[in-house]
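> The listed protein sequences derive, respectively, from chains A and B.
Residues in the first sequence are numbered consecutively from 1, following my numbering.
Residues in the second sequence are numbered consecutively from 1, following my numbering.
Only true hints are included.
Here are the computed lysine to aspartate or glutamate pairs in the EDC-like style, where the Cα-Cα straight-line distance is at most 20 Å:
id: 1; chain 1: B; residue 1: Lys228; chain 2: B; residue 2: Glu59
id: 2; chain 1: B; residue 1: Lys29; chain 2: B; residue 2: Asp169
id: 3; chain 1: B; residue 1: Lys77; chain 2: B; residue 2: Glu59
id: 4; chain 1: B; residue 1: Lys150; chain 2: A; residue 2: Glu204
id: 5; chain 1: A; residue 1: Lys116; chain 2: A; residue 2: Asp202
id: 6; chain 1: B; residue 1: Lys77; chain 2: B; residue 2: Glu28
id: 7; chain 1: A; residue 1: Lys316; chain 2: B; residue 2: Asp148
id: 8; chain 1: A; residue 1: Lys324; chain 2: B; residue 2: Asp113
id: 9; chain 1: B; residue 1: Lys150; chain 2: B; residue 2: Glu186
id: 10; chain 1: A; residue 1: Lys155; chain 2: A; residue 2: Asp244
id: 11; chain 1: B; residue 1: Lys91; chain 2: A; residue 2: Glu204
id: 12; chain 1: A; residue 1: Lys138; chain 2: A; residue 2: Asp152
id: 13; chain 1: B; residue 1: Lys171; chain 2: B; residue 2: Glu134
id: 14; chain 1: A; residue 1: Lys138; chain 2: A; residue 2: Asp251
id: 15; chain 1: B; residue 1: Lys70; chain 2: A; residue 2: Glu204
id: 16; chain 1: B; residue 1: Lys91; chain 2: B; residue 2: Asp146
id: 17; chain 1: A; residue 1: Lys316; chain 2: B; residue 2: Glu147
id: 18; chain 1: A; residue 1: Lys213; chain 2: B; residue 2: Asp113
id: 19; chain 1: A; residue 1: Lys324; chain 2: B; residue 2: Asp146
id: 20; chain 1: A; residue 1: Lys213; chain 2: B; residue 2: Asp169
id: 21; chain 1: A; residue 1: Lys116; chain 2: A; residue 2: Glu204
id: 22; chain 1: A; residue 1: Lys324; chain 2: B; residue 2: Glu123
id: 23; chain 1: B; residue 1: Lys91; chain 2: A; residue 2: Asp202
id: 24; chain 1: B; residue 1: Lys150; chain 2: A; residue 2: Asp202
id: 25; chain 1: B; residue 1: Lys77; chain 2: A; residue 2: Glu204
id: 26; chain 1: A; residue 1: Lys324; chain 2: B; residue 2: Glu137
id: 27; chain 1: B; residue 1: Lys171; chain 2: B; residue 2: Glu28
id: 28; chain 1: A; residue 1: Lys151; chain 2: A; residue 2: Asp244
id: 29; chain 1: A; residue 1: Lys324; chain 2: B; residue 2: Glu134
id: 30; chain 1: B; residue 1: Lys171; chain 2: B; residue 2: Asp219
id: 31; chain 1: A; residue 1: Lys213; chain 2: A; residue 2: Asp202
id: 32; chain 1: A; residue 1: Lys316; chain 2: B; residue 2: Asp146
id: 33; chain 1: B; residue 1: Lys29; chain 2: B; residue 2: Asp192
Calculated from the structure, these hints are not laboratory results.
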Amino acid sequence: MKQKRFDLAGFAGRYKLPLLLVLLAALAAVPFLGLSSYVVRVFCMVFTYSILTISLNFVTGYLGATSMGHASLYCVGAYVGALAATRAGCNIWVSLVLAVLVGCLAGGLLGVCTIKLSGSYMTVTTLAFAQVVTMVAKNWTSVTNGTLGIKDIPKARLLGAELTVRNGGMYFVGLGLLILCLLFSSMVIRSKYGRAFIAVRDDELGARMMGLKTRNYRLLGTVISGALAGLAGCYYAYLTGYIDPVTFSFDISMTILTMAILGGLASLPGSIAGAAILTVFPELLRSLDVYRYLFFGFILVIMMRLRPQGILGSVKAARYTLPKGVLRPAAAMEQGKEGT
Amino acid sequence: MALLDVRQITKTFGGLVAVDNLTFHVDEKQIVSIIGPNGAGKTTTFNMITGAYRLDGGEIYFDGQPIHTKSSQQIVKAGIARTFQNIRLFKSMRVIENVLIGCHIHTSYGFFDAVFRTPRFREAERRAHQRCVEILESLDLAQYMDEDAKNLPYGLQRKIEIARAIATDAKLLILDEPAAGMNPQESEALMDFIFSLRDAGYTILLIEHDMSLVMNISDYIYVCEFGKLIAEGTPDQVASDPRVIEAYLGKGGAYE
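Make the full structure from the sequences, and use the hints.
Given below as structure tokens:
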């Protein structure tokens, strides 16, 4: 007998609202479970990395250009946030807005540098870009305080109350930012912009011949990516209270890329899954000391062998959802029925 | 007046003259074919018309307007859309999404409309989807709308490519070897399909190697060799032209 495959996307689509509500309620309850602040901090890092992975997906997942220097945009956001707080005395909300704006500029700059490149050439340029950003952070001492980093970043405040990891404040800020970022991203992806991104990824010449201004879309993708990475960076700066150039090393770029690939490229839920697994797992394996990396690499190799498209990659509902007011053609009624 | 008027266009690649002073025109609601052996400059000609290559000489007019100075985006907007010799669908996208890309230039809303789901966004998206569904229905492709383009058989992919070209609201469809790789049944079905496009009011310019298809379908044929026009006329005139027979069969072929 033919085994009926479980249609994950179809299932999630049918029970979207209840599933979302349950998930949100569970997430909102986490800080009140009496967990140690270490565990809550791990959650906060999951939020940070989720935003970073979504950000990377705009360049690598949707536009198909592998970036190996994504930590640079993260770094820019963190420094903008830290400087806004320590030098200009901005609160976290103003800092976040500034980090997003400067992140747009940094992303735009990366976009301009790579606009005529594709494939490996683009990847090498992102590496070089990250090197430049790290060098600036290390050597522009008057602004960045060099390798010593910026310390004593003030705590975030809301209506006079301090937001910390211990009281769950930073947890909710992170969760809120992630939800905002998800809403924004899914609106962009499910519009002509998202379609254009994927068209450019699949066949840039074909897209150009359909009248798309492909370079504008590539630039837009990097700008969005920069904005989201900036957001994550600023949040991180407030979360830890201390940043230095080493925090945003090549390792971080690789981690973000691995999260995106493991979760499934060009998938928003996949981004979160990848970020969550690769943040929580190393923490769980802490007892194995340095051997955890061995274990970790082993799991990744097996994963790529069994499911190269990533955990949630290429998960698609059987049917395309037409906008309200457009009737599904009679001929397509039989197609993609539940369970097929 | 001709819909597409190509005047003495020339394209050289280094020392090779790929297209040499080529002049031809396509009248409205006709099926016009360009044939010739490999390397005759047919695809180069298409690339020049659609703005993928710059001209080294000559002029191209579409609907009375010069288009040889325009970008490929502007040329698509003017009403010329093409398909490709080696299919260039967006493989990971569904059929309807491919056709929506064809509609892209007519889907007008801004980035903020998309992020905040404004009425302007909803209306434009609704209209674009409606149009794509209608195109797919009119071409009998509606049952494939949910499929990823890469999962469809070759013949269907060709049709989807044509559907995508139609979605740009093109008046002139340029088809680059649509029957390549098709079996006789498929290419016969394609012939009916192209006829139905002409009857629906489209003008069609075709490159094709399948001679039975070309001879049966074309209103007018241009024959190229080494970038030069060597003959033109109705299918009957071309078929009996000794220069054409020579180009295809070699010298002496006509007399055996």
